[in-house]
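As given, the protein sequences belong to chains H and C, one line each in that order. My numbering puts the first residue of the first sequence at 2, with every later residue one more than the last. My numbering puts the first residue of the second sequence at 2, with every later residue one more than the last.
No false leads were slipped in.
If chains are identical, the list can't say which one is meant, so a pair holds when it fits in one copy or spans any two.
Taking lysine to aspartate or glutamate and the DMTMM-like style, the derived pairs with C-alpha atoms no more than 20 Å apart in a straight line are:
1. K61 - D100
2. K19 - D76
3. K121 - D37
4. K98 - D134
5. K9 - D84
6. K121 - D36
7. K98 - D142
8. K61 - D134
9. K121 - D84
10. K121 - D83
11. K138 - D42
12. K98 - D26
13. K19 - E8
14. K19 - D42
15. K144 - E73
16. K19 - E71
Treat the hints as calculated values from the structure; they're not laboratory data. These figures come from a predicted structure and were not determined experimentally.
2 protein chains.
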Amino acid sequence: MNDTGDEKAIRDLMSELKRALRDRDAESLRGLYADDAVTYDLAPPLQLSAADPYIAGVRKWFSDWRTPIEMETRDERLHVGDDVAFSTSLSHMRGTKVDGEVDIWSRATFGFRKIGGEWKIVHEHTSVPFYMDGSFKASIDLKP
Amino acid sequence: MNDTGDEKAIRDLMSELKRALRDRDAESLRGLYADDAVTYDLAPPLQLSAADPYIAGVRKWFSDWRTPIEMETRDERLHVGDDVAFSTSLSHMRGTKVDGEVDIWSRATFGFRKIGGEWKIVHEHTSVPFYMDGSFKASIDLKP
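The shape of chain H in the complex, shown without the other chains (with noise of 0.2 Å):
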């Protein structure tokens, strides 16, 4: 697959990935991930290691959702080489959960593979910043 293709490729697994969490589809979002994806998420722990037990996270979690979950992205970056790549981007989650509404900014990184000539996820890097006045709280009011 040329260049082209491979870019191709990875823009199209996130809209997939999009979709797939609009949705609240976690059987579809785990076909993306490898294996033994490294994810750093937005909630404890500072990491897991694998995709079965973060997708049973994210199951469990889709769960508190009323609405579909509506995710934009911007400044996204992609650099794409022969068969490693990652992306960047600020990321807008809305919607409603059970608990009310949500509507906050975040920071994206994506990691890629190309396994056996298919792209898969093998990291994932999801944060807020936090403030650094003393009380710690996460950055969750942020705008871009």
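Got chain H sorted already, so can you dock chain C onto it with the hints?
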């Protein structure tokens, strides 16, 4: 340069980053980053899109330390392609700032590009998760 050479070059870069951090050597640190590096840091804002303002912030932060900044990493994974690479690790930062001791584990993702034959950091994402208990406190007390 062969695969092993690229991997070694990136590991050397990361060793030099730790050295520069320990010695609070902002000038050497600056040399490791591409001019248009995108950084997602522990502190706001959500992102910076150039190395100069990032290093300016680091330089100011260095002045708040009384001791060398020790950075130990764990669970390091390095994915190296032809001219794109990324790494993931947990980072343990320790030392003494003017306002007290620091002892914190965070997650770090670095993205690299080979530019003019030399590997540079084009992306850095450092974070801690936050507690989903309604406090929205940054999880600065986690250990791997």
